[in-house]
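Take a look at the letters that make up each chain.
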Amino acid sequence: MVEKQNNIYWRLVDITSHYLGPAAERFIDRQVQNHLNKDPKKITQKDVEKLMDWIRGAVSLLTDNENLVEDYIGELKKLSKDKISRGTDRK
Amino acid sequence: MAKTETKDNNSLTSKTTNKLFIDALFSSIGDGAIATDEFSRIVRINSVGLSILGLKEEEVVGKWYPSIVKSVGEDGQEVKLMERLITKAYITGKPVTGRAYYLHKDGHKIPVSVTASPILLKGRPIGAINLYRDITQEYEIDRMKSEFISLASHQLRTPLSSIKTYSHMLLEGYMGKINRDQRFALKSVIDASDRMNQLTDTLLNITRIESGSMTISKKVVDLKKLAKKVVSEQSIDAETKNIAVKLRLQDKPAVANTDPFITKEIMSNLVSNALKYTPPLGRVTISIKTDKDRVVCCVSDTGIGIPKQSQEKIFNKFFRAPNVLARDTTGTGLGLYLIKSLADRINIPIWFESITGKGSKFYFSLPACMPKNTNKTTKESGKSL
Chain A
160 MVEKQNNIYW RLVDITSHYL GPAAERFIDR QVQNHLNKDP KKITQKDVEK LMDWIRGAVS
220 LLTDNENLVE DYIGELKKLS KDKISRGTDR K
Chain B
32 MAKTETKDNN SLTSKTTNKL FIDALFSSIG DGAIATDEFS RIVRINSVGL SILGLKEEEV
92 VGKWYPSIVK SVGEDGQEVK LMERLITKAY ITGKPVTGRA YYLHKDGHKI PVSVTASPIL
152 LKGRPIGAIN LYRDITQEYE IDRMKSEFIS LASHQLRTPL SSIKTYSHML LEGYMGKINR
212 DQRFALKSVI DASDRMNQLT DTLLNITRIE SGSMTISKKV VDLKKLAKKV VSEQSIDAET
272 KNIAVKLRLQ DKPAVANTDP FITKEIMSNL VSNALKYTPP LGRVTISIKT DKDRVVCCVS
332 DTGIGIPKQS QEKIFNKFFR APNVLARDTT GTGLGLYLIK SLADRINIPI WFESITGKGS
392 KFYFSLPACM PKNTNKTTKE SGKSL
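These protein sequences, in sequence, are chains A and B. For reference, each letter of the first sequence is one residue, going 160 to 250 in my numbering. For reference, each letter of the second sequence is one residue, going 32 to 416 in my numbering.
Pulled out of the complex, with its shape left as it was, chain B reads as follows:
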């Protein structure tokens, strides 16, 4: 009898210790932590979590999670419940990490880095745990960095323009005859300033996208005309590199409702990328095809291709595949990141196929629209594309 009592007491002590240990563990987490039950009622929150949200424990525990932890977008609009990370974690059954804005009790937005995971007990979900960290400082540093890059890029454009203009004038002999060595030197200066111009354009576009200041203005765009314009603009570069650029256009109209500037940037960057990674005597082809309600654009090349193990990371910022690094050390790894960011900005899919040593095909598709509107809207916009 006494033995059983001792056993029970030990078990009780063990349970209490266990509970105390879990309490201590939960409150010691350096990030905000909220646990919910299977009905999304908050069962536990630590002090860091309370402080980030500006709430007290009694205002939180027992309440329905979405009514307490409110997530808003950049524009302050509440994020749909289906889109929230915790819902995604429940739907996928896996931890989901991302960034969000939570609403503080006083109504201000707090940028947070979140990891939401379902809590599993013997394989069955019994709730969820949400870990979040206030990243206001990181956001501020990021914003300052973007502002600096934007300012620096703008400031670089003015001297670059002078360098280019005077170099061209010298090359054309406006300031006296030049010899072969001087011609070579001037051409190198012009090439370098072209590259720098391209880089400043890329940096400016990236900072505009990342800061959210790139506005979208959708119009009816004739993609066949747009492709011809892109090819004509890049023809000198292609000729210099001895690469054939071909346009493959179908007779059917290829008209889409899209932002003309962003679409042209995507196409131009894809073509210039293809030219960059295609060896002399190679071929770059731009094809436009209308398929049901989408216009599909494809830029293919006979270039070096993307190794299979690098394909997953190819749109990452600063990423450069090993076969690119081996042949060209001047790139930045921003080209495809910019293209993907631009595509995301206008909400269109972009994808690719690639075989190392044979070439790559990059596709993007846009919502097609009826061709009869082309003239009207183009007239209204005052631009011919």
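Okay, chain A solo, but in the shape it has when bound:
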């Protein structure tokens, strides 16, 4: 089944899964719901920017590797500034 999904959300989950593995989707959902109080699937690039500090703090509690955290945040910064087509199809 093909359904329209938020590209930002899935790219955010995809990036996160490189660092947090299978916990990525749940982690992002909780971050978006708690800090932005909105449906995770409806996040925008601006929201990613707003979330960055919270994500840095939470991930820093899970790993002692500051470089890895900064690498992750760097990827999120790129995502928040990238030119992204909205509402792409996703299987």
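Just so you know, these hints were derived from the structure itself, not from any lab.
Reference excerpt, derived from the structure (chain B facing chain A, CB under 8 Å, subset only):
no.: 1; residue: L112
no.: 2; residue: I122
no.: 3; residue: G124
Result set (EDC-like, lysine to aspartate or glutamate): computed pairs, CA atoms no more than 20 Å apart in a straight line:
no.: 4; chain 1: A; residue 1: K209; chain 2: B; residue 2: D68
no.: 5; chain 1: B; residue 1: K94; chain 2: A; residue 2: E225
no.: 6; chain 1: B; residue 1: K119; chain 2: A; residue 2: D212
no.: 7; chain 1: A; residue 1: K209; chain 2: B; residue 2: E69
no.: 8; chain 1: B; residue 1: K153; chain 2: A; residue 2: D212
no.: 9; chain 1: B; residue 1: K153; chain 2: A; residue 2: D206
no.: 10; chain 1: B; residue 1: K307; chain 2: B; residue 2: D222
To spell it out: a stretch of chain B is covered by chain A in this simulated footprint if at least three of its residues, at any positions, have a beta carbon under 8 Å from a beta carbon of chain A; those stretches are:
no.: 11; region: 61-73
no.: 12; region: 85-97
no.: 13; region: 147-156
Think of the CB as a built atom: it goes at the ideal place given N, C-alpha and C, for glycine as much as any other residue.
Use these hints to put chain B onto chain A, whose structure you have.
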């Protein structure tokens, strides 16, 4: 020029005073206090915090928080980072309070009461602060209290059993004929000893759960049989109160992998609670339904219901809703607390719907399992349920 210098000096003095004030404030906190930066590096810890952990400042400052403040469970196993209160505070963005065990430098567990909060600067998180208090004494008092209740409950059972046996014998005329007044008095004695028996059972179960001595032994349990047994056990009580008890069972098998004793306690207590708060001519219904991979049990009643403002607290220890207090002063407020504690012990969800004056529906769900295993495991366990 001179004016600017004075202004700068004043500003410097003000900054220094401010820093000194913050230092004094931090070290004056009567509980342990640790502050971290956005990378979870410890930037500050007060002397109480150091003393609880048995550490020196140079062993702590600049280090990664989870590697210094180690949190363990009751069994001594390290708590997963994702489950730690400070992580939860960061994930929720709000202060989180709870109890935990921290590891002292020499390896012993210290029970602590913790409040972890993110530090916000203009709405942005820049670190976290963790306040913790050694509650060893409170734990010890709690343990002694539980031991006392457990002992007292055990000791109460023996005389109660004699009171009940001889009262029944007197009532049945084994010791000579009795008149109407004596019959009434004996029935009251039996009723009171039944209530006391129930109370001692509740207290014993609660102390077993709270002390961690209630063991779990999972088996394949036929919930339809279990429900029939519960109904049969409570039928006398229902008849006395003139309440109809109905079983609504589907044809599909309802078999779950669970602890039979705890599951029966949950169901029995829900039914006895429903009977307690349903007026005569009312109805209590037990329904069991298998839904995909869960078996959902529901105990509904046409009782007094739970007022909306009390629903949040209904599982709290000793809590009694105002409409219950108004009609029954003998309750303890332990029934639903026990039910919830039992459900938590076997890790199953319990929830309810209620309308004041119309009744309540309490649900719990268990992991379903294939019915073909029923006979085998029941045989192995040597019990028929």
